[in-house]
Amino acid sequence: MTLLENDLRIEEADLLPELTSYPDQGCEFSKTCLGCPLPVCIFDQPRGRQRWLKRQRDKEIVSLFQHGQAERELADRFRLSIRTIQRVLKKSLAGVNINRNAEV
-6 MTLLENDLRI EEADLLPELT SYPDQGCEFS KTCLGCPLPV CIFDQPRGRQ RWLKRQRDKE
54 IVSLFQHGQA ERELADRFRL SIRTIQRVLK KSLAGVNINR NAEV
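Residue 92 in my numbering sits at position 99 of the sequence shown, with consecutive numbering throughout.
These are computed hints drawn from the structure, not numbers from a lab.
Since we're looking at a predicted model, the values are computed, not measured.
Treat the hints loosely; a few may be bogus.
[Stated by the list, open to error] Here are the simulated DSS-like pairs of lysine-lysine, each with C-alpha atoms no more than 30 Å apart in a straight line:
| id | residue 1 | residue 2 |
| --- | --- | --- |
| 1 | 47 | 24 |
| 2 | 84 | 47 |
| 3 | 83 | 52 |
| 4 | 83 | 24 |
| 5 | 84 | 52 |
| 6 | 52 | 24 |
[As the list claims (entries may be wrong)] Across the chosen pairs, the derived CB separations fall in these ranges:
| id | residue 1 | residue 2 | range |
| --- | --- | --- | --- |
| 7 | 63 | 37 | 21 to 27 Å |
| 8 | 72 | 11 | 38 to 44 Å |
| 9 | 17 | 70 | 32 to 38 Å |
| 10 | 25 | 69 | 36 to 42 Å |
Glycine is no exception: its CB is placed at the ideal position from the N, C-alpha and C atoms.
Input sequences plus hints: build the corresponding full structure.
As structure tokens, then:
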């Protein structure tokens, strides 16, 4: 490979995605990279897919808890320990006062 060929390869990598000739196959979350709804590509971050899935799981845990599901039910449903459920709720509901034992 000549120096000029090497320079051309580097410049091609710097082109906008729509100006390159790579196949845009997307990922499990979107059919195309350019049409992806995620704010950051899961392939651009270390463990990006796992982080995104964990955030989605945590949001669902908090939502179900706010709609009356007990910690034990959430632990069984998501196959997690009760302590993990408590950590998710503590982190997500910091500053939110939810008294589940109060009478209405």
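Check your understanding: Quick one, are residue 84 and residue 47 close enough, alpha carbons at most 30 Å?
Key -> Given pair residue 84, residue 47 holds - Cα atoms ~13 Å apart, limit 30 Å.
Practice item. Decide if the proposed pair is consistent with the structure: residue 83 and residue 24, CA atoms, cutoff 30 Å inclusive. Key: With a Cα-Cα distance of about 35 Å, the restraint between residue 83 and residue 24 is violated, given a limit of 30 Å.
Check your understanding: Does the Cβ pair residue 63, residue 37 satisfy 21 to 27 Å?
Key -> This hint is violated: roughly 38 Å between Cβ atoms.
Point to revise | Restraint status (C-alpha distance of residue 47 to residue 24 at most 30 Å) | key: 21 Å, holds
Review point. Within 30 Å, alpha carbon to alpha carbon, are residue 52 and residue 24?
Key: 24 Å, holds
**Study point:** Range agreement (Cβ of residue 11 with Cβ of residue 72, hint 38 to 44 Å)
**Key:** Holds: the Cβ-Cβ distance is about 42 Å, inside 38 to 44 Å.
Practice item. Return holds or violated for the Cβ distance of residue 25 and residue 69 against the range 36 to 42 Å. Key: Roughly 37 Å apart at Cβ, these two residues keep to the hinted range, so it holds.
**Study point:** residue 84 paired with residue 52 [C-alpha distance capped at 30 Å]
**Key:** Holds, because 11 Å separates the two Cα atoms, which is no more than 30 Å.
**Study point:** Straight-line alpha-carbon gap residue 83 to residue 52, limit 30 Å
**Key:** Between residue 83 and residue 52 the Cα gap is close to 12 Å, so the pair holds against 30 Å.
Exercise for review: With respect to the beta-carbon atoms only, verify the hint that residue 17 and residue 70 lie 32 to 38 Å apart.
Suggested key: Taking Cβ atoms as reference, residue 17 and residue 70 lie about 36 Å apart, which means the hint holds.
Checked against the numbered hints listed earlier, the structure breaks hints 4, 7; every other hint is satisfied.
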